[in-house]
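J.: Which chain is which? The protein sequence lines are R and C, in order.
For the first sequence, this note's numbering begins at 1 and goes up steadily by one.
For the second sequence, this note's numbering begins at 1 and goes up steadily by one.
Wrong hints could be hidden among the right ones.
[Said to hold, decoys possible] Straight-line C-alpha distance at most 25 Å; calculated SDA-like pairs for lysine to any residue:
1. C/11 to R/126
2. C/157 to C/9
3. R/125 to C/157
4. C/10 to R/37
[Said to hold, decoys possible] Covered stretches of chain C (in silico footprint by chain R; criterion: 3 or more residues with CB under 8 Å from a CB of chain R, positions within the stretch not fixed):
5. 10-23
6. 230-244
7. 591-602
Simulated from the structure, these hints should not be mistaken for laboratory data.
Built from N, CA and C at the ideal position, the CB exists for glycine as well.
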Amino acid sequence: MNKFTKIYFDPYLFFSILILSTFGLFFLYSASNGETSIVFKQSIYLGLGFAIMLLTSQADPDLFRRTSLLFIILSVLLLGVTFLFGPEINGAQRWVRIGPFSFQSSELLKLALPIFLANFLFNKKLPIQSKEIFISLVIIFAAFLLVARQPDLGTGLIVALSGIFVLFLSGLSWSFIGGAVAILIISSPFVWNTLLQPFQQQRIATLFNPGADPFGAGWNITQSKIAIGSGGIFGKGFGEGSQTQLNFLPETKTDFIFSVIGEEFGFLGVLLLLSIYFFILMRCLYLALSARDRFCRLVIGGISLTFAANLIINLCMVVGLLPVVGMPLPFISKGGSSLISLFFAFGIIISMGTHKKLLPQ
Amino acid sequence: MIFEERQLEKKNFSSRAVFLFVLVGVSFLAVLLQVFALQVSSYTSYELAALNNKNYSVPIQPLRGEILDRNGDVIVRNQPTFDLITQPDLIDNPERFIKLIKPVIYLSAKEEAQYLKKFKEKAFVNKELVLKKNLTSEEIARFNVRSFGFKNAFIDKRYRRLSDYPKIFSHVMGYTSRSDNQYDLSMDIPRSHWVDAELIYANGLIQGKTGIEETYNQHLSGQHGKRIYEINSRGRLVQPLEYRPATKGLDLYTNLDIQAQISAARSLGNRKGAVVAIDLRSGGINVLYSAPSYSINKLSNGMSVEEFESLISDPKKPFFNRASQGRYPPASTIKPAIGMFGLTNKLVNWIDEVDDPGYFTLPENGRIYRGWKEGGHRNVNLKKAILVSSNTYFFKLAYRSDMIDLSQYLSSFGFGDRVCGDCYDEDGAFLPTPDWKYSNLNVPWFTGDTVNIGVGQGYLVATPLQLANYISIIANRGKVLIPLIVKEDQAIFKIEAPKDIALSSQNWSKMHDALTGVIESDYGTARSIRDLKNFQVAGKSGTAELVSLDSKEAYLEIRDTELLRDHSIIVAFGPMPNPQYAVSVVIENGESGGAVAGPVAIEVLKSLLNNE
C-alpha cells in the first residue's frame, strides 16, 4: 500500500463522535432556551473540529514524538501569555485571545504533557528507575502548578492526571503507587486546611450535605438533582424540562448540560448517552492495545484516560457524587476551545492507532 | 529493545490499561446507579420538587358570609368599593405614570410615596399593585373616560366589612381586621405565598377579632380559592396554569333582633349599662347590648389613632362588654332563687309569716343587717317578701341555709360560670363557696356572709347575661336552655347543657304569681312601670349597693359621687301568664332598680313582641 494514498481514518470513533456531537446540538438548543445562534456557532466549531481531527490523524506518530518538546514549550508559553495578558473573568485568568478567537490555554497542556512524558518514557527499560520517576513527577507537578494557580484547580488536576496515567501505564512499580496513595491520604488534612480555598472547602462540604443550604451553596447541586430526578425513565420531552426552560438549573449550556439531558430524555436518554461514551472509550482501549509501538500505546492510553477522567468528573459532579468543579461534558457542552482540543486529541489517538509499521523493527 | 522485552512491556501495558479502563467502567456504573436512584427510585419526590419549583400557587380570598338577624335582616354585610389597581410591569416610569394619573384621581402625598416604594419589587415579579383605595364615583367616571390612555391600570371591586348599625351591634358582632396568621395550611400553599393572595377585601386577609366575627370565623370565612402560576427561577410569573374559585363563607342567622337591640340602645341612652334579652322558647339571645358603645365599621376599616386612643382612655370604657363581662351584685333580683331554695329544702313555705322590723340581728354577734324601708314591712310571708322586697325575710332565710347547699343551688341557675353557648370572651363572674373564702382570704365563712348572699350582696357577682339566663330559667319553670346568639342549627356550643331545676308546678305558679305582683300589684316595688305597657310582666328589681352602709343618711352623703351610687337592676319576663321573652337590665349608678332599669326592660319586651 502506498503511504501517500492511504487515508488514516477510524470509522468507529468517527461515527460515534459524529452521533454524539449531533445529539449535543439538540441538547444545546434546548439548554439555551431555543437560541439558534448558539447552536449555529457550536456547529461551526464542530465542523472545524472534524476537519482538524481528520487532518491530525493523517500525521505520522513520529511527528508528534519528534515535536513533543516543542509542543510542551509552546503550551507553557501560552500559559505564560495568559498570565501576562489574559483577561480576568470571575477572578481567574484562563483565556487567551488570538485574533478573533479565545482559547483556554490549559487545554493544550492536557495533550502536550502526556505526549512529552510518553516520549520521555517509551524507550526506558522496565521497571522504570527512580530517577525517571522523579523527573516525570517534577514535570507533572510543575504543569499542575502552572494551571492550578490560574486558579483552575479542576483542570490542574486533569493535567496532572494526564501525566500520571502515562507514568502508570509505562510501568510504575506498584509499591511506589501504594506509597504515594498512603502519603496522599495522610496529607489530606493538610491539603484541606492549607491548600484549599474556603470556597473549595465549601463545595466539598456541600456535596455531603446539599440540604444544609439549599438556596446558597447547595443550590446548583440541588437543582441539578431535581432536574435529573424529575426526568424519570422517559424524560419530560425535548424542550419540556421545567427545570431547564425556567432557568432553575444553572449553567445548562456548559457544566450542567447532562442534567438537561436527564430531565428531558430521562433514564433511557442517559443510558444511550453513556453507552456511546463507553463505546468510544472501549474503541480507544482497543486502539491502545493494538498500537504499533510503546510510544503510541502510552499516548493513546494517556489521552483517552484523560478524556475519561474529564467525562467522569463532569458526570459525578452533576449527579451529586463529586463536588462542583468547572468541567464541561465532552463533545456536548458549549465551548469552542474545549471542542477543538478534543477533536485534536482524537485526531492524535486515530493517528497513533491507525499508523502501522510495515516491517517489524 | 529485544523482542522478549517488547513482549513483556506490551503485556505489562495491556494489564495496566485494562485495569484503568475497568476503573472507568466502574465509575460509569456508579454514575448510572446514581442516575437510576434519582430518576427511578426517588422519582416521585424529585417530580414533586420540580413542580414546587415552577408552580407558584396563590390563594384567592373568599367573601365572608353576612350576619343576619332573626327576621333575616342584614346586620353585617360586604360593601363593594372600587380601587384603582395597576400592573407595574407594564409601567416603564412610575413617576411619569403618577403625573399622568393625578388629574384623574386624587392622590395624597402618603399614597404616592407608598406606591413608589412598593413599585419596583412588584414590577419585577409581574404582580398587581393598588394605587388608590375607595375611589369616589367622580374618580371612577373620570378614569373610565380616559381608561384607553391607561392600559396598565384598571378599576376593580374590593369589599369592606360593614354594618348599617355600627354602634348598636359593636360588642356582640365584634370587628374584623387584618389577620396575623390567617393561613389555611390545608390549602397546600406555602406560607410565604400568602402575601401575594388575590384579595377581595380592601383590607387584605381579614379575620374576626372579637364577638360573633371571631367565634364563627370558621363559618364566615369560607374556603380560599387557588390560582397556580408557572414561574421562572427569578420568581417572575410566566403564565397561569390552574384556577379554582373561592367559596363564599356561610351566612350566619342569629337570634338577634335589630329593632329590639335599637330600642335597648335608645332607652339606655348615654348611660352606662347593659341589656340582655332571651327568647324563652329557644334560648336564643335577642338582645345583647352594652353601653357606651363604639363603631365597629371604623374599627374594621380604619380608625384614626387619635380616635382609637380616646376610646381606649375613655373612663366609661366603651370597649368593655358590660353585657357579658360586667360583674354586678345581683341585689334583690336574687331573692326568687333564695326563696326557691327555701321551698326546696323545706325551710319556708308560702304561708308562714315572719316579722320584719326593718332589720335583722345576727344572733352570733349582734350585728345589724338593715332593710331598705325604715320600720320594716311587719308580717311578711314569701309572696309578700318578694312583692315588697323584704330584706329581713331573706336575711332570716339565708341565715338558716347551709352555704354549701345554697352555693350549689345558685350554680344550677348559671351563677359563677359561663352560661352562653357562643358568646365571645364571656365572663363567668363569681359565686362564692366557704372553701373558696377559706383558701383565698384565709378566713372561714361566717353566717353573716350567707346572710348577705340572701339579698344578693357580698361576694356574689353576676353578669347581665347570667341574670337574663337566670330569669329565663325561672320564666321557663326550671327548664334550662343554653343561650345562643346564632340560631341552633348553625350554633357552636362552648359549654355543656346544664340540668333542669326541679320544683313543683304549684310552686312555679306561685312564684310566677309573686313576680307578676312585683310589677302589676299595688304593693310591688316595680309598680311604677305598670302602666308603660298593655300586657302583664313579671319581674324583680334590685338596687346593687357599691358601698356597705348602715343608714340612709350615710348613703345620701356618698351619693354626691356618681360612681358610688347604687346600680339599678331589673330582671323581667312576659307577657304573663305565658311568657315569651326574658330580659335583664343593669344601669350603672342608676339607683332605684324598678324606676330606672324597669322602663328599659319594658321597651325591649314591647319591641320584641311587636317584631315577632
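J.: Looking back at the hints listed earlier, which ones does the structure fail to meet?
T.: Per hint list: 2, 3, 4, 7 violated.
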